[in-house]
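**Q** So the sequence lines, in the order shown, correspond to chains R and U.
Going by my numbering, the first sequence wraps up at 1118, each residue one higher than the last.
Going by my numbering, the second sequence wraps up at 1654, each residue one higher than the last.
No lab work stands behind these hints, which were simulated from the structure alone.
Here a beta-carbon is modelled for each residue, glycine too, at the ideal position from N, C-alpha and C.
You may find that some hints are simply not true.
Said to hold, decoys possible - Think about it this way: if two alpha-carbon atoms lie no more than 16 Å apart in a straight line, the pair counts; the simulated EDC-like pairs of lysine to aspartate or glutamate are:
1) Lys1147(U) - Glu597(R)
2) Lys289(R) - Asp299(R)
3) Lys1147(U) - Asp299(R)
4) Lys540(R) - Asp463(R)
5) Lys914(R) - Asp1644(U)
6) Lys645(R) - Asp80(R)
7) Lys473(R) - Asp463(R)
8) Lys272(R) - Asp343(R)
9) Lys142(R) - Asp797(R)
Claimed, not checked - Chain R regions said to be covered by chain U (calculated; three or more residues, Cβ under 8 Å):
10) 771 to 778
11) 907 to 918
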Amino acid sequence: MSRSWLYWSSRGAVLAALALFLGTGVLLAQTGSIEGTVRNAQTASPISGTRVSVRGTELAATSNQNGYYRIDGVPVGTHDLQAVTLGFNAVTVTNAVVTANRSLTVNIEMLPAVINLDAVVVTGVIGETQRAKLAFTVDQIKTADLPVPQVDPISALQGKVSGAIVMRGSGQPGTAPTILLRGPTSINASGRSQEPLYVVDGVILGSSIVDLDALDIENIEVIKGAAAASLYGSRAASGVVQITTRRGSTLAAEEIRFTARAEYGSNQLPRKMPLAKKHQFLMNSTGTKFIDNFGEECDWLACPNVVLAGQGAGLGLADPTVDGTANEWTTYMNQTWPGTTWDQVDRFFEGGNFGQYYVSAEGRTGGTNFHASYSNLREEGIMTGQEGQWRNNFRVNVDQRLGDAFKIGASAFYSRGKVDNVGGSLFGLTRMPAGADLLALNTCYEPNPDDCGLWQEPRMIMDENGNEIQDPKDVYLNPDPFNQESPNPLYELFNIESYGYRGRFQSSANVRWRPLDWLSFDGNVSYDRLDYKSQYYRFKGYKSFTDATSTILGGMTRNHALTEAFNWSLDATLSRRFGDLATRTQFRYLAEYDDYESTNAGGSRFTVGEVPVIDNLDPDFVTAGSYVQAVRADGYFGITNLEYKERYIVDALVRNDGSSLFGPDARRHWYYRLAGAWRLSEDLRIPGFDELKLRAAYGTAGGRPSFAAQYETYSVGAGTVTPVTLGNRNLEPEYSKELEIGTDMLIGGMVGLTVTYAQTTTENQILLVPLPAYAGFTQQWRNAGTLDSKTWEAMLDLQAIQTRDMSWTFKFIFDRTQQEITELNVPAFTYGAYGGNSADVFYARPGEAIGTMYGVRFAKSCDDLLGQLGGADCLVSSGGEFEINDEGLLVWVGPGGSLSNPQWGASGPSFGFKGQSRTLRWGSPVRGWGIDRVTNDTTDFLPVGSTVPDFHLGFGTTFRWKGFQVYGLLEWTQGFEIYNVPAQWAVFRNYSAIQDQPDGLPLEEQKPQGYYNQLYGLVGLGVDNYFVQDGSFAKLREVSVRYRFDRAQLASVPLLRAFDGIALSLIGRNLLTFTSYPSYDPETGSGGGEVGSAAVARVDGYQYPNFRTFTGAIEINF
Amino acid sequence: MWRIKHAATSGLAALLLMGMAGCVDLDVKNLNDPDAERALSTPGDVEALIAGGFQAWYGCLYYDGPTMWISNAAGEHVAPWGNSGMEMYARIPRIPTSNQAGAANVGTLTYCWYRSYRAIAAVADGLKQIESGAVDLGTEGNLRAKAYGRFIQGLAHGTIALLYDSGFVYDESIDPETVVLQGYEDVMDASLAYLQEAATLAGTGSFTVPSTWLSKDVPAAELARLAHSFAARHRASVARTPAQRQAVDWAAVVADVNAGLTSDWDVYSNCNQGTFCDDAMQYRNFYYWQMQNNWVLGMADTSGAYQAWINTPLLEKQPFILHTPDSRWPAGATEADQIAVCPDPDVFCDQRFYMNSGSSRSWSRPDRGTWRWSYYGQINNPWWIWNHVEGEGFVPMVRMAEMNGLKAEADYYSGNFGAVAAYVNQTRTMFGLLPTDAAGLNTNCVPKMPPTHPTNPNGCGDLWEMFKWEKRLETQFSGPLRVGFWIDGRGWGDLMEGTILQLPVPYGEMQLLGQSAYNYGGVGGDWAAPVGVYGY
C-alpha cells in the first residue's frame, strides 16, 4: 500500500524548508533607487501598469496612472532594466549605474506592439522569458484578449489559439469543452483523455478545469507539442495549458482597485433540428380524423392503430391520395395533421436566463500584492424547466516580499456549484408527432375509460388555495401511441430531479529564496480537491406506459466521488551572465499524488412517497458500489537556457519521470529537449522588419496509460469472478518526439506574423488490442503503434489604425493538422466512437488517417458498382440502368427508365458481393462497394468521412474609438464530417423533415415511404455516407459592443465621480452559425470512449446543443 | 568569502533536490478488481473463477445477444422494434447479416461468441491451476471443480457449435498458440466429449454444486443428468438442414435423454441482484416486445382467418382474431370476449398460454409492416408474474417437454408413430383437443396448414405437424438458447425463406486472423433457408 499524500506532504514540506533555509545570513549591502516615467513612444502618453524590473533580481515596480515608477533598495552597481507591459514591445535599458543613497532617473519609451513578441511567458521555460527569446511556440492570451468573458477558461481559447481545436461536444451548462492541441496524440484514450495538462497558479489540476472563473484570469499560456512541453515530461504529450489568475501585481504601488461587474441576459437555441411536419397516415375525406385498421375514424391519441395512406384500398376504403395500390410505394408523407400543429423543438428548448455577478479587490502596497474575488454564475441553459448551473466562486491570491531575498505567495480558490443533470431526452424529442400537444395533461383517451393504463391517471396536487388540481407537470406521457420507446420528453424534464454538486478547493503556496543574485530556490506545494456528489430522484408515482414497477414506485441513486491531487516541487535556479552570454539553469524535483475514490448506492421502489433517502427503498432493490485508485509520480529535470548577445538562443533540458501507472520494470523514463533560435533581425538589418526570428526545437514528451492498464484484472460481481482486461506491466509511455520549426516576425510595427510547422511522431501507442476470444480476456493494453502528425500553424496580427483616440486591430489564426497511423505491430482492428449508435467506425492500421470514419456507402457513381450492372456506363444516358437523383444518390431506374417516369415499387436485379446481395428497387438507393486499399478485398466497409477538419481559422477584430469598442470573433472549421445519428433515427421513425414532401410538388416528383425505408433499411442504424454529413461551419463566437466612461467623464456626475470608470457592454456568444449541417449545431461530439475526445468522435449522439447567449453588462472600477 | 560559503551551501541544496529522486513510493495496488495473481493464487479464488463460468455463459441469453433477433426471425415471437436486430433480421424478404465493424446490430452477432469463450477461458485458467497443483481444493473439491468445469466447457463449446459455422476448441490442456478455427461439427464433438466427461466425473462424486455456481444447489447426480440432457439437446440441435437433422445419431440422443433430467430444470434468475438475470425474458413480459407470430402460430386458427391472412399481400396484412379449439388460446368470438377471459396480465390465466393483450398492447406504426401485428402475448411461464412484479424467480432452462420431444422425434424417424402420438396426446388432450393416433388423425384440425403449403394447402396438420405444434407451444422460449423455434425450424425445414441457418465468425475475430469477414442469410444468400415446408 502506498503512503498517503498527507505523509508525503509533510515530508515534502520538511524537505522544502530544509532546502530553503540551508543558507542564512544574507549580507546587507548599500543601495540606491531607480525611478522614472514610462511613455508611449508614438503618443508620449504615460503608460500605466508597466512592470519595470531590475534583471537578475526580484526588484521591480509597476508604473502608475501617470506612468511613474520607482524601485527602491537597488544594490549599488550597474544594472539592466526591463520594462514589460501588454500591448507594447518590451524595452531593455542597459548599464544603469546606481549609486548609494541616490535616485537614478531612467525614463522609458515603449512602442505599441501588435504582436507582442516581448511579452513574458512562464510555461515550458525557466522562469519569466520574453516571447522574443523563445525557441518554440508558447501562445498567450491576456485579459485584454478576452473582452467577452466565458464561463470557463478553456472556452476563452476558442478561435484565438492556432493549433487548438476547442469545442463543446455538449452545451449542457456546467460541462467543460474539450481541447485538442495539434490533434490527438493517442489513437486510443480509453480511461484517460486527449486533454492537455492544466496548471493553474502552480496547481496541477487533478480534475476538470470547468469550475474556474474566466473573470479571474490574467494570463493563459498554451504549449501544444512535445517540443515545448518536454519540461512537463510524461504527462505532456497532449500539451500544457497554464493559467495565471490575477494577483494585483500589475497595479502601481499603493494602489487598490475594486471592480464590480454584473451581466445578465438569456440563453437561446440558435438552430433547430428539422422534424417532420406532415404524416403518412390515412385520413377521412375531410382530413379531420385518422382511419384505423377497421376503417373507423379516430383521433390520433385514441386510435387503436393507424394505417398508411396507401393502405386505404387494403381496407376496402376509398383512398384519397393514391390510386388504390396498397403499399409503402404509394404512401407519401404529405398528409397534413388535423387541428393545431406544434413545433416540438420550440417547446422543448424554451431558453433560460444567464446572470453573472462579480466583485473583486486587488491591490499592491509595500511588499504585498493581493487579489480577492467573488463571483456568482447562473446559467439556466435552454431546456424547458431546467435549472442549468449555479456556481459561487471565491478566490484569494496573496504575495508577500520579505526583504530582498524572500518572496512568498499563496493562492486559495473555492468553488461551489450545482448543475441540473437532466440532459433531457433529445432522443424522445425526435419522435414526437407535430400534431400532439406535449403540454397537454395526462388523461384517458381510450373510448372505454376502464381500458386506460395507470399512466393515464391524472396526478393530483393541492394548489396554494388548498384545491385539488392536476399537477401541471403531469403532461401526457405518450403522444405517439404507436411508439413504446419514447415518452414525452417534457415529462422527464418536468419530473425527474437530477443534480450534481461540485465542491472544488484549490490552494498553493510558493516560496522563493534568493540567497545570491544569481541563485534562487523555489518551493511549491499545491492541492486540488473536487468533491462531486450527485443525486437522481424519481418520485413514487412517476409514470411509465409500461407500468414497470421499478419505475412507477420511484427510485433514486446517490453518488459521491472525491478527487485529490497533491503536488510539491523544489527548484534551484542559477542565473549568470558571462559577458554577452546570459545563462539560466534550473533543477527541479516534483512529486505528484493523485487519488480518486467513489461510492454509489441506489435502487428503486420507495416504501413511502416524497422521502428521497436510500433507507426508504425496498432493500431487495438496492445496489451499491465503490471504486478507489491512487497514482503516484515523481520527476526531476535539469534545464539550461543560453542567450548570446540576446540573439542566439539555445535551450536544453533533460527530465526523468517515474509513475506508478507503469509496471515495476517500466516506471522511469527520460525526456529531453534541444531548441535554438536566431533573432535574425538583430544581426541583419532588413528594411521593414522590426523583428525576424527563426527557431527550431526538438523535444520529447510522454503519455501515461489509464490506471487499470497494467493490471491483469478479473471482475468481481454478482458473486463470480470473470476475466476482464489483460493488463500489461511492461507498458512504456506513449513517446512523442516533435520537431517544431518556425519564424516570428514583426513588420513595420504594424504586422506580426508567426508561422510554425510541427512534425510529431508518437511511438509506443498504448492500444487496447483485441485478443482471440478463447483468451478470455477480450483485449490487452499494448504498446503497438506509431502515430505521425503534421501541423501547420499561422497567426497574423494586423494593426490597421493606432492613434491616441482610435485603434483598429485584426487577428487571424490558421491551422491544419493531418495525422496518420504509420506503424501497427498487431493485426489491423477497428475501434469505436462512443455516443449515439456507438460503433467501430475507425480503423487502426498502417496508412490510416486519424478521424477517418468507415461505414457503408450508398452508391453515388457507377464506380461504386465495381463493374457490375453496366460498370462505368451504368447511367441511362450511357445505355445503363441508373440515374443520379436529386440527393446525389445512384438509383436504379431500369433499362430506358427515367426518374421522370416513376415506377415506384418495381424490382430490379440483385446486387452485392460477399453474401450481401440485395434486390434493387426502382428509384431507390443502392448499397455501394469498393476495394479496400490495404487488403484489395471487395468490401462495403469503406471510408465515409473524416472527423478531422481540412483547416481551422479564427478571425478577430477590435475597433476602438475613445471609450467605444466593438469586438468580434469568427471561427471557421472547414472540411469535416459528423455522423448524424438523430437524423438517421428520425428517418427510421418517420419523423425526419426530409421525409416531408413539399407542398405543391406534383405526386410524380414526390418520394414515397418505400424510398426512405430503403434509405434506412439498406444499412439500418449503422454508419453510412448519407448520415455522415458535412459539418463545416463558421460561427460568430463572440461579439461585444462596449462603451467605457472614464474618470474624466464621470467627474462631472456627482454620484459617479468616485469611480475610475464605468463600462456598459452588449455581449453575444455563439450568435450565428453558418453551416449546411442539418441539425442543432455542428459543434458536437461524444467525449470519452476509445477516442477520448469529442473533437475526434464527431458523433451527434443527442448531445445537449450549444446555445447562444445574449447579455448586457455593466462594470464599475473604483 | 561569503560568496564561496553560499555557493557551497546552495550547491548542496541542489544536490539535495536531485537526491530526492525516487522518494515517492511508486508501488500502488489496484484495489478494485483482483489481478491475475490474486485471482489464481488461492483455492477459493480459483474455485470462484471456475464457478463464474455458468454466469458468463448465461449472458448468451441476454437481450444483447442472438436470442431476440433469432427468435423473431424464426417466428418464436414478434417484436417490431429496431433493438437487438429484431426488426432488421426479421424483414421480409430476409436480408443477410452485416458482419462488419460499425454495422447496425453487429453486436448481436458477436455477443454470444465472446460470452461463451469468456466462460471457456475462465474455466481453463482455473483448471490449469488445479491440474498443475498450484492450488488444491481437496479431493472432492477438485472433482467438483473439474466436473463442473467440464460441464461449462461442454455448454459453451456446444453453444458455439449451435450458432456459428466454426469456432475454437480450447481447454486447460491446449497450448493457446496451437488453437485454430475448426468447423462446427468438430466443436460440437468437443462439446459432447466435455459433457460426457462432466457426467462421468459427477457420477463418481458426492458433492453439491453451490447455488452461486448454477443459481441453485445442484447435487453431483443432478449435474450428471444435466450434462446428459444438454448433450441430448446439442446432438439433435446442431443440424442445419432437415437432412442433417435426420442423420443425427438419434440413438445417442435418446440415450442421453434417458440418462438426463427427470423433471424440468430451471435457473433462479435475480435481476435485482444481477445474478443470472434473464433480461431477454424481462423484455418478453411486454406485449409490444413479445407478440405472437401469425405465420407460425396462426395455425391454431380454424376459422379460415389465418388462411385469409396468408393470402393477403404482405403490406396489406392486418391482425386477426384466432378462433381455435385449442384452449391454450383465449376463447371468444370477439376481441372483447377474449380479453374478458384473461383481463389481468399480472395473474395467471388458468391453463392458458396466450392472452389477448387488449389495452396493454401497443402495435408499432404500420410502416414496419402490419404483418408483425398480433393480438396475442404469451403468458405461459411463471416468470411472467415474478418478472413483472418482483424481478426474480425461476426461469426454464431445460423442460421435459423438450427432452421427451427429442425422444418422440427419434421415434418418428424410426417409424414408431404410436410413440409420437402418445407424446402429442399427452398435452394435446389437456387443452381441449381430441387425441390423434399413429396415422395422424387430426379431428380438430389444429394446426391447420397455410394455403401456401405445397402438398397440403389449407389442410389439417398430420402427425408430424401435430408433433411440431405441441413441441413448439410446450417449449416456447425454453428451448436451446431460448431459440428453439430456430433450432428445430432449421432441422425441420420450417423457416421462412432467407432466414439465416448459422452465424459467421465475428468480424473482430476475422480481423485478428487477418481474414475478411463474411455474411450468411438473406434470400439467395449462403446458409440461408430455402422456401420452407409451409411455402413461404
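**Q** Could you run down the list of hints and mark each one as holding or not?
**A** The hints, checked one at a time:
A hinted pair counts as satisfied when its Cα atoms are at most 16 Å apart, and Lys1147(U) with Glu597(R) qualifies at roughly 14 Å. The hinted pair formed by Lys289(R) and Asp299(R) meets the criterion: a straight-line CA distance of about 6 Å does not exceed 16 Å. Of the supplied pair hints, the one linking Lys1147(U) and Asp299(R) is violated, its CA atoms being roughly 64 Å apart against a limit of 16 Å. At most 16 Å may separate the alpha-carbon atoms for a hinted pair to count; Lys540(R) and Asp463(R) exceed this at roughly 20 Å.
Pair hint Lys914(R) plus Asp1644(U) holds up; C-alpha atoms about 9 Å apart against a cutoff of 16 Å. For the given pair, Lys645(R) sits about 14 Å from Asp80(R) by alpha-carbon distance, which is consistent with the 16 Å threshold. A distance of roughly 13 Å separates the Cα atoms of Lys473(R) and Asp463(R); the hinted pair therefore holds under the 16 Å criterion. Taken as a hint, the Lys272(R) and Asp343(R) pair is honoured in the structure, with Cα atoms around 10 Å apart against an allowance of 16 Å.
Taking the CA atoms of Lys142(R) and Asp797(R), the gap is near 15 Å; set against the 16 Å cutoff, the hint holds. Note: the segment 771 to 778 of chain R has 8 residues with beta-carbon separation from chain U under 8 Å; the three-residue rule is met and the coverage holds. Counting residues of the segment 907 to 918 of chain R whose C-beta lies closer than 8 Å to any C-beta of chain U gives 6; at least three are required, and the coverage claim holds.
Comparing the model with each earlier hint shows violations of hints 3 and 4; every other hint is respected.
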